[in-house]
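Just need the whole structure built from these sequences, with the hints factored in.
Protein sequence lines correspond, in order, to chains A and B.
Per my numbering, residue 1 is the first one in the first sequence, and the count goes up by one each step.
Per my numbering, residue 1 is the first one in the second sequence, and the count goes up by one each step.
To be clear, the hints were calculated from the coordinates, so they are not data collected in a lab.
Worth double-checking, as some hints may not be accurate.
You can't tell identical chains apart in this list, so a pair holds if it fits in one copy or across any two.
To be verified - Result set (BS3-like, lysine-lysine): computed pairs, CA atoms no more than 25 Å apart in a straight line:
1. Lys463 with Lys486
2. Lys677 with Lys100
3. Lys50 with Lys96
4. Lys159 with Lys598
5. Lys159 with Lys444
6. Lys218 with Lys694
7. Lys629 with Lys692
8. Lys368 with Lys96
9. Lys100 with Lys50
10. Lys96 with Lys463
11. Lys50 with Lys159
12. Lys223 with Lys584
13. Lys498 with Lys444
14. Lys29 with Lys96
15. Lys509 with Lys635
Protein chains: 2
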Amino acid sequence: MKRTNLLQTLSIVLLMVFAAESLEAQETKATWIWYPGDFEIWLSNQMQNKRTERGAFFPPFWRQDSHFVLIDFHKEFVLDESEEVELYAEGQYNVKLDGKLIEGEPTTLTIPAGTHKLNLKVRAQDHVPAIFVRGKTVVSDGSWLVTNEDKEWIDETGKASDQSGTAWLRAALWHFNSPENRPSAFKLATEPDGAVSMEQQGGRWLVDFGKETFGFVKLHGVKGQGLISLYYGESKEEALATETCETLDRLHISGQAQGDTVLELSKAFRFVNVEVDNGMQLDSVSMLYEYLPVDERGHFRSSDELLNEIWDVSKYTMHLTSREFFVDGIKRDRWIWSGDAYQSYLMNYYLFFDSPSVKRTTLALRGKDPVSSHINTIMDYTFYWFLGIYDYYMYTGDRAFVETFYPRMQSLMDFCLARRNERGFLEGLPGDWIFIDWADGLSKQGEVSFEQLLFCRSLETMKLCAEIVNDKQGEQQYAQLAKALKRNIFASYWDEDKQAFIHSRVDGKPTDQVTRYTNMFAIFFDYLNEAQQQGVKKHVLLNDAVQQITTPYMRFYELEALCTLGEYGVVLDEIRDYWGGMLKLGATSFWEAYDPNKQGAEHYAMYGRPFGKSLCHSWGASPIYLLGKYFLGVKPVSAGYATYVIEPQLGDMEWMEGTVPTPNGDIEVRVTTNEIKVKTAGGTGKLLLRSKTKPTCEQADLVDLGAGKYEVVLEGTRTYTVVY
Amino acid sequence: MKRTNLLQTLSIVLLMVFAAESLEAQETKATWIWYPGDFEIWLSNQMQNKRTERGAFFPPFWRQDSHFVLIDFHKEFVLDESEEVELYAEGQYNVKLDGKLIEGEPTTLTIPAGTHKLNLKVRAQDHVPAIFVRGKTVVSDGSWLVTNEDKEWIDETGKASDQSGTAWLRAALWHFNSPENRPSAFKLATEPDGAVSMEQQGGRWLVDFGKETFGFVKLHGVKGQGLISLYYGESKEEALATETCETLDRLHISGQAQGDTVLELSKAFRFVNVEVDNGMQLDSVSMLYEYLPVDERGHFRSSDELLNEIWDVSKYTMHLTSREFFVDGIKRDRWIWSGDAYQSYLMNYYLFFDSPSVKRTTLALRGKDPVSSHINTIMDYTFYWFLGIYDYYMYTGDRAFVETFYPRMQSLMDFCLARRNERGFLEGLPGDWIFIDWADGLSKQGEVSFEQLLFCRSLETMKLCAEIVNDKQGEQQYAQLAKALKRNIFASYWDEDKQAFIHSRVDGKPTDQVTRYTNMFAIFFDYLNEAQQQGVKKHVLLNDAVQQITTPYMRFYELEALCTLGEYGVVLDEIRDYWGGMLKLGATSFWEAYDPNKQGAEHYAMYGRPFGKSLCHSWGASPIYLLGKYFLGVKPVSAGYATYVIEPQLGDMEWMEGTVPTPNGDIEVRVTTNEIKVKTAGGTGKLLLRSKTKPTCEQADLVDLGAGKYEVVLEGTRTYTVVY
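Shown next as structure tokens:
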């Protein structure tokens, strides 16, 4: 009972959080606001430029955009009585009341009773122009309108233009709810943490923090003057390899700097090898753990301790890689990669359900117009960006986000459409990276079927978003394009003999190769009929002769395809084998790539460098998604979980229980071999199950669907128990 | 003799300056370099946001763009021997030698003998990423390549991409030729200047600087604590009108601030009214005159002292409005307006010939893609931007500039082309300002013929630039578009009865109105045949029933049209009357608008404000252009004065003499009623003259063209004397 109450309270709080976030909602509290997408672009520049490689600045190799430097904010208010308003801005600014400019940069303003229009215009080059306005009823919030070109010209008689051509958008916000809590001062949270061991040998200290972590190293009791070098290691081997470790710092200690010192940049490590000049001394080493505060709403526990541990380490991996944005890995690249982020979004829906992080990451990836290259320069990553928005809408129901950023979706799609070849396919043009996966000898030449498949799904996403924003013409156009492309894909790549899509066409001719990528995506995109599905399952997915996948990145989709095909046992075994394999090697977070055939420190090598591999990579955390979506079995059917299904799969577990977050609150599921208990959280769901005997449910009717399938309709927030 | 030598020396120096500026030239001296166009955008943001109106920040109402924040610079060098190189950057940076990243931010580097590639990658948010590299032969200059997306990805084996899709541009530069002289620290020059009078009355000092000026007011010997208010006036009336003057400053003087103090922002004024709190004292007031150092290459003197004074005041007006960029007016708006700048460019070719100022202004106006509005939001101003590039090329022959920025010309033209209506014309869409001129009751509705005419000329400019950059397809396309539009303009607007273009068509039907704009531009665009020209001259230009022009802005073109028609006498009279009229009213610089029918302080009013009018406006300085081009008669025939004509027109003057700058040096012309003396400066020119009797020329053959016309071919740098 106590737990249920707590959850109910939590749901209410969370509903409030969501209401506060929605751009539609009426706000009564002031918050810092800015031009949509600009804070995210600015913050991503800050974050992505913090990467260093062996002490050198190591920025991304794609275009970095900037916020708009001059923004006009306005809102019209109807006041019953006059009101004193506080005004704050990040940048140089002016204030207009009813179009009349006020001298100086006023910090307070009295607005008389009646209808009044308040404008603030702010300029800032080195951070995002933002405002915070606070009166009794006049507050800055998501209902304000903003523009980057106000077009408020006057004619020679002093008459102002009507500004009918100005594109006003709803202001954006996050969680900066006081004048002091300025967007430009945003920092992640930190918390002190200690090492588990520290070995000294002469002027060298090898410090072990016991697990993969991220933060600012703190040196205590530094004595003497000279150079201190810090060599970071995700493995002990890396920290000791001073010539080849991926990251390092050097501190020049002068007289004043003695004592305690905190490193300037946060780093990823488990081990730190601190080497000091002759005659220097050190008392101890600790760290400030740096993290994004998020709620842990998703949970999973089962009778299988290995699965539990895999889920826990996945969760920790997600905590480490969910930062200012969802990054790929914390040692490297510490950048926002669309393919990696796409998986983080999906895991997030089963763990934090932190929508601001999805939105921040989506906006940072997209940047600004004009589009001059694929996202991260990678063609497949452009398409994951579209897919991510579709999922975001399905999981959250946030129409306002789609409405605000639909133009940026359109221009990115225009970029893609303009690059089609004469057969309507996309090939890699100069400057396009065809990534797909890290896999030996994988061909990127010609018209790769995988890219066309993602392109098709992206067009379908555009069709759906056009519908949301009521762009009738776009809806029709994208639907036609998607349909034609899908037909073309089947005609050009589906091989009836091989019962599979072939990998590519080069110079207009099909190649002989079959790879897993196109085939497994076609399954969960639901592009195949039943016979084709079975063909793919047999000839590709369960066929060892087809090149194996060695990255957790593509393993994610492979296992999702197997789940879609009902191969739960195979999937659980794979999870235990592959992720369990990393745990056996001492992993405390999951890796960028894992090949069970490698030995010892070979595991750490990649990109031709002995420690090039990231040992904490977000795409390694996929069990969170698979266990939540396909074993606890909770997924939305319509936007924002207005309707949803729960279709639990116990596999070979004796029991499992868990929580899946939704916009309406958390759904709890507990499954044993003869009972399913579900606590719902708003919306209308369907609990689907299979049973040899007819189950019972006291809380609702149980529909017999035939062939051993049963259904219970779940309404509102209640607890249902099905005994079978 | 002495003068000639000086001019020769000057020519050589100037040639060196031009060589140093050309992106093609081999540099041997290091200079700061950056991504083309970025410094200009950054600096224009700095400048345009310095405008205040009655103490409030008053930024532009159009979009302000930003520089790219992350730039890669590289060059390949072949060294005979190893070389030590100094490295400087504005921003966070890294250095790669032959693709290998060097630890930290190295400030020196030794490059071994042989072929080596040096990369610097720089990030800066609040100013433009720039580098300065200086070795014996390895120096940063315009031969380096830069990009904003280097696409230097690596595969899983560590192999780097070939970067074939990366758009590399030649680096841009100006005059920052030492490590200390950083682009981000750019400031105009200043020079102390004193007041001519200062009247004290209680706590008020009225200071007169004797003429319109611009700079930072300096208060000497401030005593006491409290508020000092400064009210600026271009007129005495304005400085005294504390409630309605356009600009003011307030200084809060505390204990520490006593003594001398210089105001933070520079302002335009002739008078300053300083008012201090009770008990405060002041010794005196002076100023720091702020200016762009430019050479005065153009000169004009004649037997007519009024014309000489008009030319001098025009020159001073140009000095005041030629700043970080060519601005409209110095009190207001202090912004870069394309229509105003276009005229400044033309005047500049006859005064400073300062090409960097033309380039800076052109780039600042254009900003970045995507194009989301007309330049300055004004349709006509978009077209002047195109025309300005054509003139720039004609006067300077700078192909490199056109080559680098042709893509920005294309995208702006795409924006225009996409806005044509079903008849192929451009009408004002929401957000478009149709300016044309400040004139009572001027209609901006429907399809305005003036806009189509400028559009046509812009398409012709695109055709020419396509030719320069060898874009065959573009050349053909733009030529066809221009031809079709010209045909359409004649068919839709030329009225045979009226012998004029009509002003507009509304709802597809011609209006009855005739205005001067389209008609006078059609003359110097050379769109009319002889009969049409005479028709326009009689029925429009010399017809008082057609609405008169009251701004120097359009008077510029009206007089140019009259010059084209050979009406030199009319033009000289107009200049004496109109500009002379302002001088009679005490003008020390020329105004934004002048209506001889107004009285006293009425002259200062505009925009519904008593002192809204700018009394120092660049478009007021057009006599410089008219006297240089049509009276001294010097103009290029092909790009960069490779060929040119000199066709002096003495009008009713007894004599005139002057200098016209060209890329090849200065051309000097002296004309009396019976002698023309010309000193040429490279290229091939033609001296054209009319004479009743056959003239003589000792230095060259004189060709009799018939009908009293004669021609002398001018070669290289020589002096020619024609007696007639």
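Quiz item: So which of those numbered hints doesn't the model satisfy?
Solution: Hints 2, 6, 8, 10, 12 and 15 not satisfied by this model.
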